[in-house]
Amino acid sequence: MQVIENDLIKEKVYIEKLKSGLTVMFIPRKGTNKKYITFATNYGSMDNRFIVPGEEEITEVPDGVAHFLEHKLFEQENGHNSLDVLSSLGVNANAYTTNNHTAYLYECTNNFYEALDEFMNYVQSPYFTDENVEKEKGIINQEIGMYDDQPDWKVYLNALDSLYVNNKVKLDPAGTVESVSKINKEILYKCYNNFYKLSNMAIVVVGDFEKEEIFNEINKRIIKNEDTTIAKKVVDKEPDKINKKEIYEKMDVNIPLFILGIKDKIENNNSLNNSKLQIKKHIAIDIILDILVGNSSALFNKLYDEGLIFSEFTSIYEYARDYSHILIQNQSFEYKNVIKEIKNSIEFLKKNGINEDEFERMKKKNYGMYVKEFENIADLGNNFMESYFKGVNPFDFIDESQNIDKQYVESVLREIFIEDKMTLSVVANK
Amino acid sequence: MKEKIINIKKGIKLHLINTDLFKTDLSVIFITIGLDKKNITKDVIIPEVLKSGSKTYKKQIDISNKLNNLYGSTLETGTDKTGKNLVLKLYTESVDDIFLPNEEKNLKECINVLLDITFNPLVKNDSFDEKYVEIEKERQKMIIESEKDDKDTYAYDKIINIMYNDCGYGIKKNGYLEDIKNINGKNLYERYKEIISKGKIDIFVSGNIENKHIEESIKNNKLIESLSDRDVSCYLNDIEKQEKEEVKQINKIEEKMDVTQGKLVVGLDVVGKTNADDRFKILLYNTILGDGANSKLFRIVREKESLAYTSKSNYVVQKSNIFIRAGIEVDNYEKTLNLIEEQLEDMRNGNFTEDDIENAKRFIYAGIDSIKEEQNTAIIFYYGEEMSKNKISIEEYYDKIKNISKEDIIKIAKKVKINTVYFLRN
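Each protein sequence line maps, in turn, to chains L and D.
Heads up, the first sequence is in my numbering, so the first residue is 1 and it goes up one at a time.
Heads up, the second sequence is in my numbering, so the first residue is 1001 and it goes up one at a time.
Misleading hints may appear alongside valid ones.
[To be verified] Below, simulated DSS-like cross-link-like pairs (lysine-lysine); rule was C-alpha separation at most 27 Å, straight line:
| no. | chain 1 | residue 1 | chain 2 | residue 2 |
| --- | --- | --- | --- | --- |
| 1 | D | Lys-1372 | D | Lys-1212 |
| 2 | D | Lys-1372 | L | Lys-12 |
| 3 | L | Lys-10 | L | Lys-250 |
| 4 | L | Lys-137 | D | Lys-1335 |
| 5 | D | Lys-1002 | D | Lys-1051 |
| 6 | D | Lys-1335 | D | Lys-1009 |
| 7 | L | Lys-30 | D | Lys-1023 |
| 8 | D | Lys-1059 | L | Lys-343 |
| 9 | L | Lys-10 | D | Lys-1391 |
| 10 | L | Lys-154 | D | Lys-1009 |
[What the hints assert, rightly or not] Simulated restraints on C-beta separations:
| no. | chain 1 | residue 1 | chain 2 | residue 2 | range |
| --- | --- | --- | --- | --- | --- |
| 11 | D | Glu-1134 | L | Asn-355 | 46 to 52 Å |
| 12 | D | Val-1247 | L | Asn-219 | 57 to 63 Å |
| 13 | D | Ile-1380 | L | Glu-60 | 47 to 53 Å |
| 14 | L | Asn-121 | D | Lys-1389 | 29 to 35 Å |
| 15 | L | Glu-415 | D | Arg-1230 | 55 to 61 Å |
| 16 | L | Glu-373 | D | Lys-1059 | 27 to 33 Å |
| 17 | D | Arg-1230 | L | Asn-121 | 55 to 61 Å |
[Stated by the list, open to error] One side only, chain L facing chain D, incomplete, derived with CB under 10 Å:
| no. | residue |
| --- | --- |
| 18 | Gly-90 |
| 19 | Glu-107 |
| 20 | Lys-135 |
| 21 | Asp-227 |
No lab work stands behind these hints, which were simulated from the structure alone.
Backbone N, C-alpha and C define an ideal beta-carbon position, used for all residues, glycine too.
Based on the provided sequences and hints, a complete structural model is requested.
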């Protein structure tokens, strides 16, 4: 069993790959009654082209299959819906689909093991029929409709579309009404059978458990699955260049929403093989974004005082093995001016370097931010799951944020914040 | 996790919640005042102006720099309608001292910043800084003009406004456009002084606070010392005093907008006399009807009929209202509404099982359990009880739910009547 820990924030994780191939991570939380568990497969909405073991042809499935599977797994052959069963035990169950993984989870204070029976069983026991698959389409179409009415979501998806030529990160995880209409039970079984193999999956469990007991209890509930061959995901080569400089979409909104996107070089992500390096880069980007557009930045305060923006910027660095980008978002009637000002600030910072005091303040600020990510047990579990599939260790944030130096951050600024790699996504009334 | 309440002055309380379960500490100031159309626009702008600068930290950037130095402590402000009241909220969250790389007094410093921003505003000649006021007026204008951008929230706020008009609970939570232009630094500061001298003030500090002398430090704070006693009994909620009549005719309203999905909201009244324990029975009724995966609305409208992705209801305790919400295909309006009415009728006829009741009770117990496990949930719970005429403890809360019978729920169900149906469509 592998143990990773951090003394400063007093956290520890036990990691073991069970015989079945399933990886289990346990984060002990002494003294809390609340417990959290998440069970995920390394298969998400991007993975719609793959090669089945033993075949040569590429299998292509409609967009939205991973998300459809997430909805449908709850349905059981005995007629039960596992979401109902879990809810009636008083546990709070849910599931979600991201670009690269699909997770099933619950949080509870009581009945943890009763719920674990149902939970581990349903994820390992698909039951799809023509009828139950058809019925789900109405629900999913309403989910798509709900997101269609959200300008935030639109501006985000369009930003990804502006950045990527081929990469499937730009797809809506739910698919479209049209692609969903093509999904049937055969497709669902095919994807399930190829990607829901225990060697492609992981569990993170957080709570006040005895270590041996929790590993044992999970192990006991494994339904035999010795096949460890996993379909090979087909990833199209992504060029370095951006897809489109600008994307505009008309929607019924008062103030235009915009995202400034910055595409990072994908091969830069080779550092993923080295968690410390990748996280160092992540911290550097967080610090740069704070200095550029954070709530204590000169730019934010100027734009706010001038009435060009009305709220703080949201900025984020998102990455996995085959995509990597930065998004800076806000709302403004004069978004073109705001974008120009951000770009000027970037050039100014490149030319003049980062102020020493500001750098030290941002190091402290980000340290606090990273500690806060270890607060809520559900966030903690999700964070470890996502990091596991990415191949990074979240504890590295705590250590590296104290060690990072200014010269390195400045080199990241020069390398990534490049005009040619910037795009603009706008949602506006006209 | 236990709450210790200290009366600082008449109408001003300090609530200390000592716990070592968390990595962060929360410090919160709630100022409760009466909800009033005349003042709402000023009231929602005030916390934002406070956040722009104080006498100690003159500019927003000074506050941000200070908080960043306190290891990314955060300051958030806002206002909420709670029944007949409006509550002004100022929150800070800071990493607890024991998780810092160096020895520091993060929590204490953070509390001082919070107190300074709330009670030591930047004032010159009996006026807030006009520049900050103008910025926040402009910002509030934008917020009001952007209300339609979020269609789900818009639909929900709209039905409340329709049911209560522009008085009491129907007052618009973001204020009124026509009132913004008359606001200036002077009259806004006048209103601030009124709030600070008449409002009910509750300060919560939650986290690892043992041996940090928080109580003394707040009691002896000069800004706190300068506050005067006030009578706050008028703000307490008294649901048993309410007596609603059934509407003669259900109000049905449709509004057209550029939406993909129709947003249906059904506003329900609990009519007749309400007594103190009814809030627990209505909560249980609502859970069976529309809260969670076992609820009728989820199982029937979503899972069985595939009409919606969102299909749920929520209970507004201070007003004895339940609101049902569903996102549906516009053409399915009649069908969905009929189904919802059937569920309400089923509840009245007792067409739900003992299992349904037990499931709903467990769902509520899980919510009660999380009061002890989430700092913010605990603060919201303690604040809710603080504002209630009939206060209960967490333990009593379990018992109140446990003792509810099927007959109790049916009695409630018979009092639940549709008041208004609102549909946002294309």
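Now the hints, each set against the structure:
Taking the CA atoms of Lys-1372 (chain D) and Lys-1212 (chain D), the gap is near 21 Å; set against the 27 Å cutoff, the hint holds. At roughly 23 Å between alpha-carbon atoms, Lys-1372 (chain D) and Lys-12 (chain L) fall within 27 Å of each other, so this suggested pair holds. Taken as a hint, the Lys-10 (chain L) and Lys-250 (chain L) pair is broken in the structure, with Cα atoms around 49 Å apart against an allowance of 27 Å. The hinted pair formed by Lys-137 (chain L) and Lys-1335 (chain D) meets the criterion: a straight-line CA distance of about 18 Å does not exceed 27 Å.
A hinted pair counts as satisfied when its Cα atoms are at most 27 Å apart, and Lys-1002 (chain D) with Lys-1051 (chain D) does not qualify at roughly 31 Å. For the suggested pair Lys-1335 (chain D) and Lys-1009 (chain D), the alpha carbons sit about 56 Å apart, so the restraint of at most 27 Å is broken. For the hint linking Lys-30 (chain L) to Lys-1023 (chain D), the alpha-carbon distance of about 13 Å falls within 27 Å, and the restraint holds. In summary, the hint linking Lys-1059 (chain D) to Lys-343 (chain L) is supported, as the alpha carbons are separated by about 25 Å, within the 27 Å threshold.
Annotation: proposed proximity of Lys-10 (chain L) to Lys-1391 (chain D) is violated, straight-line Cα distance about 37 Å (limit 27 Å). For the proposed pair Lys-154 (chain L) and Lys-1009 (chain D), the alpha carbon gap of about 51 Å is over 27 Å, so the pair is violated. Separated by about 30 Å at the C-beta atoms, Glu-1134 (chain D) and Asn-355 (chain L) break the suggested range of 46 to 52 Å. Between Val-1247 (chain D) and Asn-219 (chain L) the beta carbons are some 59 Å apart, a value that agrees with the proposed interval 57 to 63 Å.
Evaluation of the 47 to 53 Å hint for Ile-1380 (chain D) and Glu-60 (chain L) yields a pass: the beta carbon distance comes to about 49 Å. For the pair Asn-121 (chain L) and Lys-1389 (chain D), the beta carbons lie near 48 Å from each other, so the given range of 29 to 35 Å is not met. For the hinted restraint 55 to 61 Å between Glu-415 (chain L) and Arg-1230 (chain D), the CB-CB distance of approximately 59 Å keeps it satisfied. Checked against the hint of 27 to 33 Å, the pair Glu-373 (chain L) and Lys-1059 (chain D) passes, with Cβ atoms roughly 29 Å apart.
Arg-1230 (chain D) and Asn-121 (chain L) have their C-beta atoms about 59 Å apart, which keeps the hinted 55 to 61 Å range intact. Proximity of Gly-90 (chain L) to chain D holds as hinted, the smallest CB-CB distance being about 3 Å (cut-off 10 Å). Residue-level restraint check for Glu-107 (chain L) holds (minimum Cβ-Cβ distance to chain D is 9 Å; threshold 10 Å). For Lys-135 (chain L), the interface hint holds, since its Cβ comes within 10 Å of a Cβ in chain D; the closest pair sits about 5 Å apart.
For Asp-227 (chain L), the interface hint is violated, the least distance from its beta-carbon to any beta-carbon of chain D being 32 Å, above 10 Å.
When held up to the earlier numbered hints, the structure conflicts with 3, 5, 6, 9, 10, 11, 14, 21 and fits the remainder.
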